[in-house]
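Top line first, the protein sequences correspond to chains D, R, B and C.
Each step along the first sequence adds one to the number in our numbering, with nothing skipped, and position 151 is 151.
Plus 169 on top of the position in the second sequence (first one is 1) and you've got our numbering.
Plus 338 on top of the position in the third sequence (first one is 1) and you've got our numbering.
Plus 725 on top of the position in the fourth sequence (first one is 1) and you've got our numbering.
Everything labelled a hint here was simulated from the structure, so no lab data went into it.
Some hints could be false.
To be verified - Stretches of chain C that chain D covers, calculated by requiring three or more beta carbons in the stretch to come under 8 Å of a beta carbon on chain D:
#1 752-766
#2 1047-1055
Claimed, not checked - Cβ pair distances, simulated, as ranges:
#3 C/S1103 x R/N202: 44 to 50 Å
#4 D/R148 x B/P499: 25 to 31 Å
#5 D/E66 x B/P422: 43 to 49 Å
#6 D/R148 x B/K435: 32 to 38 Å
#7 D/V69 x C/L761: 33 to 39 Å
#8 D/P7 x C/E854: 58 to 64 Å
#9 D/G165 x C/S1103: 52 to 58 Å
Predicted model, so just to flag it, every value in this text is computed and none were measured.
Backbone N, C-alpha and C fix where the C-beta goes; we use that ideal spot for every residue, glycine too.
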Amino acid sequence: PLTDTVPWPTTFNLGRAATAAEIKSWDIDVSPNGRGLPAGQGTAITGKIVYQTKCAACHGKTGEAEAGVKLPAPVLVSDTVFVGRKTNTIGNYWPYATTIFDYVRRAMPYHAPQSLTNNEVYAVTAYLLNANRIVKADAVINANTLPRVVMPARKYYVDDDRKGGAEVK
Amino acid sequence: PLTDTVPWPTTFNLGRAATAAEIKSWDIDVSPNGRGLPAGQGTAITGKIVYQTKCAACHGKTGEAEAGVKLPAPVLVSDTVFVGRKTNTIGNYWPYATTIFDYVRRAMPYHAPQSLTNNEVYAVTAYLLNANRIVKADAVINANTLPRVVMPARKYYVDDDRKGGAEVK
Amino acid sequence: QTSLGKTIQPVLPASWRKSDTPADDLITPGPGPSKLGGRSPYEKPVRLPSDISSRTPLQDLLGTITPSDLHYERHHAGVPNIDPEKHELLIHGMVNKPMKFTLRDLKRFPSVTRTCFLECSGNFRSGKETMTAQEICGLTSQSEWTGVMLSTLFREVGIKPKANWFLAEGADAAYLTRSIPTSKGWDDAMIVYGQNGEAIRPEQGYPIRLLLPGWEGNMNVKWLRRIELSDQPFMTREETSKYTYAVKDKIRQFSFEMDARSIITSPSYPAKVEPGWNEIRGLAWTGRGKVTKVEVTIDAGRTWQLAQLQEPVLSKAHTYFRLLWYWDGSVTEIASRVTDETGYTQPTLKQLVDYRGADMGGYHLNPITSWLIKRDGSVLFKPESRK
Amino acid sequence: QTSLGKTIQPVLPASWRKSDTPADDLITPGPGPSKLGGRSPYEKPVRLPSDISSRTPLQDLLGTITPSDLHYERHHAGVPNIDPEKHELLIHGMVNKPMKFTLRDLKRFPSVTRTCFLECSGNFRSGKETMTAQEICGLTSQSEWTGVMLSTLFREVGIKPKANWFLAEGADAAYLTRSIPTSKGWDDAMIVYGQNGEAIRPEQGYPIRLLLPGWEGNMNVKWLRRIELSDQPFMTREETSKYTYAVKDKIRQFSFEMDARSIITSPSYPAKVEPGWNEIRGLAWTGRGKVTKVEVTIDAGRTWQLAQLQEPVLSKAHTYFRLLWYWDGSVTEIASRVTDETGYTQPTLKQLVDYRGADMGGYHLNPITSWLIKRDGSVLFKPESRK
Ligand code: HEC
Ligand code: HEC
Ligand SMILES: [Ca+2]
Ligand SMILES: [Ca+2]
Ligand SMILES: [Ca+2]
Ligand SMILES: [Ca+2]
Ligand SMILES: [Ca+2]
Ligand SMILES: [Ca+2]
Ligand SMILES: [Co+2]
Ligand SMILES: [Co+2]
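Next up, chain D with everything else stripped away, as it sits in the complex (with noise of 0.2 Å):
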């Protein structure tokens, strides 16, 4: 292919730094080994209370699959069992307990993301996990506990190995 007659320079000087505060601000995700997870706490019991007021209009009383009723949203809760599960929920195949901090506090409620206090999120993720039957009713949920949490489906997570070629697997 032809190509510019101009070499490209080591900078094109375009956009600028981006501020501490700026980054702050957005960086909002939580890994796995707990960074990103902010000060704060909660455990199962606040939590209820959240998820009662904030969450159950659409996904359900308690989370669980409720016979006869359609859900507007997935079900969360479950037993921990992978093999025959009916629905993946966080108790039979989520694997790190994190995500749910993350995903609840930049995704939910549905509607007003983004709206609930740090408290929230970890009261309502101490909710979820305890109705999961993963941690106990009094377990204080922080940015200490939180990545120390074994998901059982953790176990189950491989890596596609595909590379193409003529296998199909």
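Add chains R, B and C with the ligands to chain D, keeping to what the hints say.
Then chains R, B and C with the ligands, alone, in the frame of chain D:
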């Protein structure tokens, strides 16, 4: 390139034979040798009436450019001098008289194309040829005479002979 | 060139029309040129929307470009309305120089144009015979994209050696995030602002989206506002709870490439085929490079013939295929299967079930799609069971 | 995949938002998927219409495809409204078997997809500095066309040995006709019914048009209804009174191929350029095959640099070119010139005038277009005189 593994048939058997009547009703073109000219005839005298009733509204009182008047349609009448002409007209630019018949019959008057009788088209063609000083006022224009009209600009026409390459022509 | 002007009156009474005029009914000029064109009133292609997605009407399309207003959609919180003057892209994390870029900045960088497909990795539906290609696999579309190579921006901010992953985050109300290997950024990822010759459409990520040629649709984050470099994946909801699937007794994660796939779009339900010569037409594609061949069966899989591929065959692009077909009026089954440049051949649903198990979920399914040809020429989808 | 359903009430009062929430203002989901997409309200590209034509906004476009609703128009009696079920194509004259084809018939023949440009041979305007690329040469656009090769139909009807020309006639109210050498029909002419993935638009000839890749726009007869084979050209109004031009003391007729041409579309009036790195972008094309190179000057013609061509470079197609440019803020002039595979290089207006004479009319003018860069970054067209 990869190709079909099915060889093409001699015929796809799609479409159908066109009937003679179908062809006749659509085949309205006229060639320089007169092929396609219908029966009928006309002179500039009758043609002037056609022109004034059905053409003048757009092309102007006589077809000539009028000082200070911006016509919504092209000037149709001038002298036969190619060099130094202001606009291209039948008199100074058109190479074949048959084109007048063909074009007026298919496309004019602009708002109601194909509304003229063949006699009207012959007549208005005679009018335009006469007004452009190419035929006499009493010349009878028909399938026989029209192809024989020699247009003054005919001699200037040459085919584009460029075929790419370095030369700019 | 002459102008009719606005001044011409309708000077010509209809009564002018005489009995020996040569052609059809009274002819009148149509409307003149306009600022924006539109479709013929006789053509009404539409997407098939649900609450969360809409599907491209593959059976109505010709050629390889999807008209932008028919590009499939998959949103997680609807389409945000973004003012392009205010939108900025933040690149930070394991970089030497965290930076913000305006849309204007991005457009000044060296740009690239590339035609490639997008496909939702949940793009397979089955169940009944009366299903269109749109219903079966309408979550794929193709556009000509224009933008800046992500590698160009990587050079600008300086990527730290251990930054093997990056997070891409959208500015939709779900702040959708995915983790992407940094190698894809160095390879062929782009940040695109152009689609089919103009600004990218709102449903496709206006003013900018991430484009990862060949990789699952969801990763091509729309309304992109943030990229964070890291030494590990972020394990977002979209790469754990979603876009993973059971394979035997395991859960397979990080299936990025879309596997080779093809479908006959003509003839397909609800079209009817007439006896005689027809052309079988369809689309084939692979996330792993170029389509190398498409085979078509017209006898329910007994024999397969090589179809013609429309050139140019582009990498990671919908490739049009065609095969001449004489339909003698008898009942049969037609299907296509593609092979890509890695040597992978599109499998049957049974092959997928055999390996993955019947519980394999709905992601990354690319089975051969068969159409039943009935004696009256009707064309019906052939649903296959997973059990 | 889950569905929000239509049943969800707005359950969440705005007062929920607390003071320590992490991000911007209150976020709400946008509208969901739809049957048809549309443009962002921030993007309003439009054609520039006159009574007889409309021009493509080249300065607003990205990439090589022209969005169909922005494709340039040139009509001689407006846009007819044609019922595709009733439209037929007649092929007759010097053929073995005069035939009529319905649109359905045409679609059943082997089909071909090809991306190429169209350009009106009257596509050049000049005069003042405040002219856009759209005004200067917006009578060119590019689409991906799908249809049947004319040669396929020629074989079907059987062309007589002496039939060196054919007439193509449209079904518009001007019944527009042009004479075309039969050799073009055997070479690469098509009858197309598809444009950019869907049915051809009304302004482009719905339901079918003739496509003569690389040849002057007017010959690509729209709303095609009749083809008549003959041993000589028909000398229609469009190839005598129009589409001919004075060259020295002669009138040149039958200029079919569009000569190689290019124009910088970015930066171009009314854009403003900022000091620093920019990318010069534009389009180059030739009716005689492929673009082989585009040279760009950033110093008013003193030196010319090779621009990068966007691949794939297709024959008779708009080819995107780009050159990195560091603008140091000083006054200058930028321009592009293309060379095609025949070795022809785009001329200056002066070269054209020198050969043809100042009286050369307005057809087949393809001069190099220069843009003046002012100290404040404004970009102005540089009109040149013919005298
Ligand atoms: C107005 C409806 C609504 C409300 C209220 C709501 N959600 Fe959701 N939620 C949804 C929808 C819809 C989805 C699926 C979104 C998608 O797939 O993109 C979802 C998804 C989720 C998921 C991911 C489930 C999975 O398996 O991937 C979690 C976790 C969740 N919501 C938690 C919450 C919590 C906690 C609250 C309250 C603080 C809440 N939601 C309030 C509608 C709602
Ligand atoms: C309602 C307006 C209108 C009327 C009435 C009209 N014309 Fe025209 N005529 C036009 C327009 C507009 C054009 C230019 C069309 C184009 O360029 O496509 C034209 C073009 C022509 C041309 C071609 C001129 C050239 O130099 O190429 C001829 C010849 C012509 N008309 C003859 C006639 C005749 C004869 C009549 C009456 C029988 C007529 N016109 C009535 C509007 C009109
Ligand atoms: Ca800047
Ligand atoms: Ca982070
Ligand atoms: Ca038929
Ligand atoms: Ca004829
Ligand atoms: Ca998704
Ligand atoms: Ca014209
Ligand atoms: Co998807
Ligand atoms: Co034109």
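Fill in: Those earlier numbered hints the structure runs against, lowest number first
The structure conflicts with hints 3, 8, although it agrees with all the remaining ones.
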